[in-house]
Amino acid sequence: MPEKIVIDPVTRIEGHLRIEAETDPLPAGKSGYGRVSRASSAGTMIRGIENILRGRDPREAWAFTQRFCGVCTLVHALAAVRAVEAALAYPVPANAQLIRNLMLGSQYVHDHVMHFYHLHAFDWVDLVSALDADPAETARLQQSLSDWHLNSTEYFTGVLQRLQHFVSSGQLGIFASEAWGHPAYRLPPHANLLAFAHYLEVLGWQREVVKVHAVFGGKNPHPNIVIGGMPCAISAGRGRGGQVMPPRASGNRPPPFTGLTAVDAEGLATVAAAIGQMQALVEQVFLPDTLLLAEHYKDYRPETGDDNDWTRIGEGVGNFMTFAEFPNAGMADAPLCIPQGAVLDRDLDRVYPVDPEAGEEIQESVSHSWYDSSYHKDTPLHPYEGETLPHYTGPEPPYRDDQFDVEGDYSWIKSPRWGGRPMETGPLARINLLLATGHAPTISLVDDALAGLGLGRSALYSTLGRTLARNLETQLVAAALPAWLEQLNSNIQSGDLDTFNDSLWDPAVWPDSARGVGLVEAPRGALAHYIVIEDRVISNYQAVVPTTWNASPRDADGQGGPMEMSLLDHHVHDKEHPVELLRTIHTFDPCIACAVHVADTRDDGQLRVDIQGSGPAGS
Amino acid sequence: MQQEPLTVMENLLQQGISRRGFIKICALAASSLSLPAAEARRIARALATSPRPRVIWLHFQECTACTESLTRAFDPELENLLLDMISLEYHETLMVAAGHEAEEMRKKATAECGYILVVEGSLSRRPGWCTIAGEDSNHDLKCLARKAALIIAVGSCAAYGGLPKAAPNPSDAVSVGELMAAGEIAARPLVNLPGCPPVPEVITGTLVHYITYGSAPELDELSRPFAYYAHTVHQRCPRKGSYNAGKFAESFDDEGARRGWCLLHLGCKGPVTRNACSALGWNGGTSMPMHSGHGCLGCSEPDFWDRWEPAGGVYAILDVNKGKQSNRSPRQATGRDEGRRGAANPAIPAGT
Numbered sequence: 001m002p003e004k005i006v007i008d009p010v011t012r013i014e015g016h017l018r019i020e021a022e023t024d025p026l027p028a029g030k031s032g033y034g035r036v037s038r039a040s041s042a043g044t045m046i047r048g049i050e051n052i053l054r055g056r057d058p059r060e061a062w063a064f065t066q067r068f069c070g071v072c073t074l075v076h077a078l079a080a081v082r083a084v085e086a087a088l089a090y091p092v093p094a095n096a097q098l099i100r101n102l103m104l105g106s107q108y109v110h111d112h113v114m115h116f117y118h119l120h121a122f123d124w125v126d127l128v129s130a131l132d133a134d135p136a137e138t139a140r141l142q143q144s145l146s147d148w149h150l151n152s153t154e155y156f157t158g159v160l161q162r163l164q165h166f167v168s169s170g171q172l173g174i175f176a177s178e179a180w181g182h183p184a185y186r187l188p189p190h191a192n193l194l195a196f197a198h199y200l201e202v203l204g205w206q207r208e209v210v211k212v213h214a215v216f217g218g219k220n221p222h223p224n225i226v227i228g229g230m231p232c233a234i235s236a237g238r239g240r241g242g243q244v245m246p247p248r249a250s251g252n253r254p255p256p257f258t259g260l261t262a263v264d265a266e267g268l269a270t271v272a273a274a275i276g277q278m279q280a281l282v283e284q285v286f287l288p289d290t291l292l293l294a295e296h297y298k299d300y301r302p303e304t305g306d307d308n309d310w311t312r313i314g315e316g317v318g319n320f321m322t323f324a325e326f327p328n329a330g331m332a333d334a335p336l337c338i339p340q341g342a343v344l345d346r347d348l349d350r351v352y353p354v355d356p357e358a359g360e361e362i363q364e365s366v367s368h369s370w371y372d373s374s375y376h377k378d379t380p381l382h383p384y385e386g387e388t389l390p391h392y393t394g395p396e397p398p399y400r401d402d403q404f405d406v407e408g409d410y411s412w413i414k415s416p417r418w419g420g421r422p423m424e425t426g427p428l429a430r431i432n433l434l435l436a437t438g439h440a441p442t443i444s445l446v447d448d449a450l451a452g453l454g455l456g457r458s459a460l461y462s463t464l465g466r467t468l469a470r471n472l473e474t475q476l477v478a479a480a481l482p483a484w485l486e487q488l489n490s491n492i493q494s495g496d497l498d499t500f501n502d503s504l505w506d507p508a509v510w511p512d513s514a515r516g517v518g519l520v521e522a523p524r525g526a527l528a529h530y531i532v533i534e535d536r537v538i539s540n541y542q543a544v545v546p547t548t549w550n551a552s553p554r555d556a557d558g559q560g561g562p563m564e565m566s567l568l569d570h571h572v573h574d575k576e577h578p579v580e581l582l583r584t585i586h587t588f589d590p591c592i593a594c595a596v597h598v599a600d601t602r603d604d605g606q607l608r609v610d611i612q613g614s615g616p617a618g619s
Numbered sequence: 620m621q622q623e624p625l626t627v628m629e630n631l632l633q634q635g636i637s638r639r640g641f642i643k644i645c646a647l648a649a650s651s652l653s654l655p656a657a658e659a660r661r662i663a664r665a666l667a668t669s670p671r672p673r674v675i676w677l678h679f680q681e682c683t684a685c686t687e688s689l690t691r692a693f694d695p696e697l698e699n700l701l702l703d704m705i706s707l708e709y710h711e712t713l714m715v716a717a718g719h720e721a722e723e724m725r726k727k728a729t730a731e732c733g734y735i736l737v738v739e740g741s742l743s744r745r746p747g748w749c750t751i752a753g754e755d756s757n758h759d760l761k762c763l764a765r766k767a768a769l770i771i772a773v774g775s776c777a778a779y780g781g782l783p784k785a786a787p788n789p790s791d792a793v794s795v796g797e798l799m800a801a802g803e804i805a806a807r808p809l810v811n812l813p814g815c816p817p818v819p820e821v822i823t824g825t826l827v828h829y830i831t832y833g834s835a836p837e838l839d840e841l842s843r844p845f846a847y848y849a850h851t852v853h854q855r856c857p858r859k860g861s862y863n864a865g866k867f868a869e870s871f872d873d874e875g876a877r878r879g880w881c882l883l884h885l886g887c888k889g890p891v892t893r894n895a896c897s898a899l900g901w902n903g904g905t906s907m908p909m910h911s912g913h914g915c916l917g918c919s920e921p922d923f924w925d926r927w928e929p930a931g932g933v934y935a936i937l938d939v940n941k942g943k944q945s946n947r948s949p950r951q952a953t954g955r956d957e958g959r960r961g962a963a964n965p966a967i968p969a970g971t
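Protein chains in written order, with this note's numbering: chain A, 1 to 619; chain B, 620 to 971.
Isolated chain A (complex conformation) (with noise of 0.2 Å):
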């Protein structure tokens, strides 16, 4: 019989969504249930920020977008100061560049490694089988993986008794589910107990490697930075300056700032020594881990109760698109450029240009969901012409699962599409239009990656494809830091510590209205904020983003968005732990605080906001 898989929440993302997935009828003689024919990703919250943006100074337009996502953190600030300084055509000095690609790239390497391990990591370790392993077995296999430091017996035999102990003291928390030891999990105790290592390690790492951004942005999560450069002025000298630090009743001591601002030689040698311990932790873990991972999960063995073959499963829509990444900041050899452009049915052998501001090129559809369009529900709009105001038409809860209907409008996500077409973004694009455009670093990296796991490019359209092209690039992510900091560092000694361009800040010179795009090539992919200004104030703000793109629901065509399209195939084993629908899921990393957004273009500038079931009938 066919069934209906519910997944609310989907957890170990960012965000609310909820996944339903649709199986054909079982097959005589199988287990479990038939093989997923369509899958519907809602996301199932909404707060409207762009419509707060209305009316506002667009120099403060990043605070209030960096709060889209406090994961994403840096991307939507990056992007709406982008948006604004492509309005006004506002020159960014050298400095705020290379400090702005240091940022964002800490931040991919940041962001990759925690979802690997504290978001992804459990859809393909069992945690309750690394109670079984021998410390010295793991020992072994890490010294065998790399020359990472913490590999001795001793070191595993602490964290398998830590392990015992938590579990002994029946208080599992948030490791508590009867998922464990699900067929789909493959790897042998000794490794699950390496991972759940790595996991604890991992942990104290991240809290390190954001030095980078408190360094630059004063904190994180939520750095500052501002439009025409960054606020983060190089100190100009040494000592304490005017600090005037209190003692505290307590006894407590402050933190010792010393230096007149964070970033002086201190400063710049905790951000050499975070990207030191980023490159380590992805030589010699992230990327052995993942290999490990690949070596396990490779091979198509429905005998385990796994009928999913996870180099060929997973794929989605095939088509990829990107936006340019790391601006060259004054150097002649940029240790990385992404391209921007489309890459459509994995041919790799044509790459299409890609320009957002092109009113025939991108365009929203909300013809599934929960807006009211009136005269244009079914007709995708530019950003730029987007009318949309949100209308909630699905059940009122609370609802039962059998009470969601996909049929019409089911998603606070819009469906992005490009020239008509559901594309994904996000690192299997980014690799796709690397390889692409002959970057022979990813090349190499990608090819050697593959041929070791014996497989060919073609295993990238899939689950596991997804989660290699991720991991891969973090690394060349990693490779490029420090080169960015030697440029950084170089121009400081030759005397260039221009960090703010101060020209345009005073909007009384300003053009009277001036609209403009900001592009970042985010960690989970291509991110464009449009912004119109008139007057000096925000009147119109947009933001089409990674997850809307891989998130969104099916278009006027029918046409499913790249996650719905993946998990179509998929062999669900049970359909209370849907250990395969969640593998794929978060290959995509979904945010969906940052997808779901709203504005209002309408000329009165109120929002009209019609609520099914909360008129005269339903209240």
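Bear in mind the hints are in silico, worked out from the structure with no lab data behind them. From the three backbone atoms N, C-alpha and C, an ideal C-beta is built for every residue, glycine too. Any given hint could turn out to be false.
In silico DSS-like cross-links for lysine-lysine, where the CA-CA straight-line distance does not exceed 27 Å [unchecked claim]:
1. A:4 / B:726
2. A:575 / A:298
3. A:4 / A:30
4. B:726 / B:761
5. B:761 / B:727
6. A:575 / B:727
7. A:4 / B:727
8. B:727 / B:766
9. A:575 / B:726
10. A:377 / A:30
11. B:766 / B:726
Label pairs and their in silico Cβ distance ranges [unchecked claim]:
12. A:483 / B:833: 51 to 57 Å
13. A:272 / B:873: 23 to 29 Å
14. B:731 / A:164: 22 to 28 Å
15. B:732 / A:457: 52 to 58 Å
Following the hints, complete the assembly by docking chain B onto the known chain A.
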């Protein structure tokens, strides 16, 4: 088979942390809360005798930065908090279980009263605007608040409505305190930890206080712990000396900015913003906003997105004397848009 839960100290001792190390952890916890050093002994006693308290962490209209901030805490670190001090029973970003299993676990974990309920994000009064597992977020909170021993509204959205509530408040967002004051959720001890996001150690320190004493830390009239919110960030700002000397940066990269002069003329809201940023520092004391060069956004103050005059918000230059007067009673929003709501300060009940 469920066994008798181990106490926090048993947990620590059994995994090789010495008694001396244990006392050190307690001393750190005491100092982060500005408690006298002698209190470390009391913390130690409390941790030695209690099982890990249940923590239910809910996500509503939020951006997850508060959760991210929690992971950045240096004292105590998240891994130690998770494994040794609390039992985090429900947390959508971190938990393994999903869908039906996650909801079942939440039901089980909250069957008995006495847990700590942490709320991240504001709540929308519009049906369908924040729904989890088919249930409206307000209903979830109403059900879970009843049996909570303590509710922690983490971050400015849960504490004051935050960004979703910024004018024109499209989603009709409200804070936890507003719902409690309106009688829509049970009146339980409430701690507000404002900040966008809060300083990591403010979140963990508040949890450690509760584990130790079984109650919230001492709170002010906005239900904030005195230990973290008694002072403005200006009072301990690394640039306070230049403020006193009348030296101000006038641009983000002028000579004054490079010499670390005061950022008041660039919009800093430090003088009217109560938070622990300058006292504790961010990211292990690496920096804090003004030390790096941008003014304070005032992100831990009620309705900070709309309360600064004149229109221009983040970069509006504070009238220090006027600002100080208005600190405890935020003024109306700028009125630059008819549809914008006033920044009326919600009546937030006292903590206990």
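| Does the alpha-carbon distance linking residue 761 of chain B and residue 727 of chain B stay inside the 27 Å limit? | holds (17 Å)
| Would the pair residue 575 of chain A and residue 726 of chain B pass a check requiring their Cα atoms to be no farther apart than 27 Å? | holds (20 Å)
| Straight-line Cα separation of residue 377 of chain A and residue 30 of chain A no greater than 27 Å? | Between residue 377 of chain A and residue 30 of chain A the Cα gap is close to 42 Å, so the pair fails against 27 Å, i.e. violated.
| If you draw a straight line from the CA of residue 4 of chain A to the CA of residue 30 of chain A, is it 27 Å or shorter? | holds (18 Å)
| task | Would you check the hint for residue 766 of chain B and residue 726 of chain B, treating anything up to 27 Å between C-alpha atoms as holding? | result | It holds: about 12 Å lies between the C-alpha atoms, which stays within 27 Å.
| request: Look at the Cβ atoms of residue 272 of chain A and residue 873 of chain B and judge whether their distance stays inside 23 to 29 Å. | output: holds (27 Å)
| message | residue 4 of chain A and residue 727 of chain B were given as a pair; does the straight-line alpha-carbon distance stay at or below 27 Å? | response | Judged against 27 Å, a Cα distance of about 25 Å means the pair holds.
| query | For the pair residue 483 of chain A and residue 833 of chain B, does the Cβ-Cβ distance stay inside 51 to 57 Å? | reply | holds (54 Å)
| request: Kindly confirm whether 22 to 28 Å is satisfied by the beta carbon distance between residue 731 of chain B and residue 164 of chain A. | output: holds (26 Å)
| Pairwise hint evaluation, residue 727 of chain B against residue 575 of chain A, where the allowed Cα distance is 27 Å at most | OK: residue 575 of chain A and residue 727 of chain B at ~20 Å, within 27 Å.
| Does the alpha-carbon distance linking residue 575 of chain A and residue 298 of chain A stay inside the 27 Å limit? | holds (24 Å)
| query | Within a Cα-Cα threshold of 27 Å, do residue 4 of chain A and residue 726 of chain B meet the stated pairing? | reply | holds (23 Å)
The structure shown violates just one earlier hint, number 10.
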